[in-house]
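Participant: Single-letter residue listing:
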Amino acid sequence: MTVELDAKGLNCPLPILKAKKAIKDLPNGEVLRVMSTDPGSVKDFEAFCRSTGNELLSSADNDGVYTFEIKKTAA
Amino acid sequence: MSNTDGKKMSIIVTKGTLDWAYPPFILATTAASLGVGVTLFFTFYGLQLLKKDIGHLKISTLGNPAMEMPMGGMHMAMPNVVSMLPGVDGMASAMMKNLMKKKGVASLEDLREATQDLECRMIACQMTVDLFELKQDQLIDGLEFAGAATWVEVATDSDINLFI
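Going down the list, the sequences are from chains A and B. Start counting the first sequence at 1; every next residue gets the next number (this note's numbering). Start counting the second sequence at 1001; every next residue gets the next number (this note's numbering).
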């Protein structure tokens, strides 16, 4: 199961805050897919995952829309 | 296992302008989202950020030569002689708020609410609350009222201590 979070148009730190909220409600092992247009969120989601212990499965840039897939692996 | 397990951050919040209100709330909400325990200690003009209604917060262009606002593809700076005219701060603040909205920047109200939702500890400096004759019922709920010793105790137990 993958849950989608549309954070397009939002600026720092909103994509991270919304991702944190969404991941909280996700069962362990499930994936959150976040879409963002904030170029700073590329580095920020790497840091978010390292800090929280969740796994960043992928990070992609499609014409300025960034997609991150985060697997919930931390409580 | 996360890198932030058991980590703590404290921020002393001393500024009460619209622009300076952002860094403490951005850092507090982000750190809390990354699993860091956060304490905010509001003192002097920082107490303005704890009023129930924070719609009154303004930026000032006075004495701020680095401030240039984007405008129609250009950047506009405000000479001090203009900044001191009545109404200029209000106009610049309205421009800033519009720009922030356009760029998807969170409102201060939303960031402050997120700070509370993420269970950041918020302490109002009792001495400056007394000094400025602020009433507790003017301020948001969920605050602690304490002094410097409380912050020192928090700070000695924190990994990051910031003064903003």
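Please note: incorrect hints may appear among the correct ones.
[Said to hold, decoys possible] Here are the simulated DMTMM-like pairs of lysine to aspartate or glutamate, each with C-alpha atoms no more than 25 Å apart in a straight line:
1) B:Lys1101 <-> A:Asp25
2) B:Lys1102 <-> A:Asp25
3) A:Lys24 <-> B:Asp1110
4) B:Lys1051 <-> B:Asp1137
5) B:Lys1102 <-> A:Asp44
6) A:Lys24 <-> A:Asp63
7) B:Lys1101 <-> A:Glu4
8) A:Lys43 <-> B:Asp1137
9) B:Lys1008 <-> A:Asp61
10) B:Lys1007 <-> A:Glu46
11) B:Lys1103 <-> A:Asp61
[Said to hold, decoys possible] Over the 12 Å line for every Cβ pair with chain B, so calculated as not near, a few chain A residues:
12) Val3
13) Leu14
14) Leu26
15) Pro27
16) Glu30
17) Val31
18) Asp38
19) Asp44
20) Thr52
21) Thr67
[Claimed, not checked] Far from chain B by the CB rule (all over 12 Å, computed), these chain A residues:
22) Asn11
23) Gly29
24) Asn54
25) Asp61
Simulated from the structure, these hints should not be mistaken for laboratory data. The beta-carbon is built from N, C-alpha and C at its ideal position, and this holds for glycine as well.
Participant: Taking the hints in turn, state whether each one holds.
Facilitator: Right, here's what the structure says about each hint:
no. : hint                    : result
1   : B:Lys1101 <-> A:Asp25   : violated, 28 Å
2   : B:Lys1102 <-> A:Asp25   : violated, 30 Å
3   : A:Lys24 <-> B:Asp1110   : holds, 19 Å
4   : B:Lys1051 <-> B:Asp1137 : holds, 9 Å
5   : B:Lys1102 <-> A:Asp44   : holds, 22 Å
6   : A:Lys24 <-> A:Asp63     : violated, 29 Å
7   : B:Lys1101 <-> A:Glu4    : holds, 24 Å
8   : A:Lys43 <-> B:Asp1137   : violated, 41 Å
9   : B:Lys1008 <-> A:Asp61   : violated, 33 Å
10  : B:Lys1007 <-> A:Glu46   : holds, 19 Å
11  : B:Lys1103 <-> A:Asp61   : holds, 20 Å
12  : Val3                    : holds, 17 Å
13  : Leu14                   : violated, 5 Å
14  : Leu26                   : holds, 14 Å
15  : Pro27                   : holds, 18 Å
16  : Glu30                   : holds, 18 Å
17  : Val31                   : holds, 18 Å
18  : Asp38                   : violated, 8 Å
19  : Asp44                   : violated, 8 Å
20  : Thr52                   : violated, 5 Å
21  : Thr67                   : holds, 17 Å
22  : Asn11                   : violated, 4 Å
23  : Gly29                   : holds, 16 Å
24  : Asn54                   : violated, 8 Å
25  : Asp61                   : holds, 18 Å
In this structure, the earlier hints numbered 1, 2, 6, 8, 9, 13, 18, 19, 20, 22 and 24 are contradicted, and the remaining ones agree with it.
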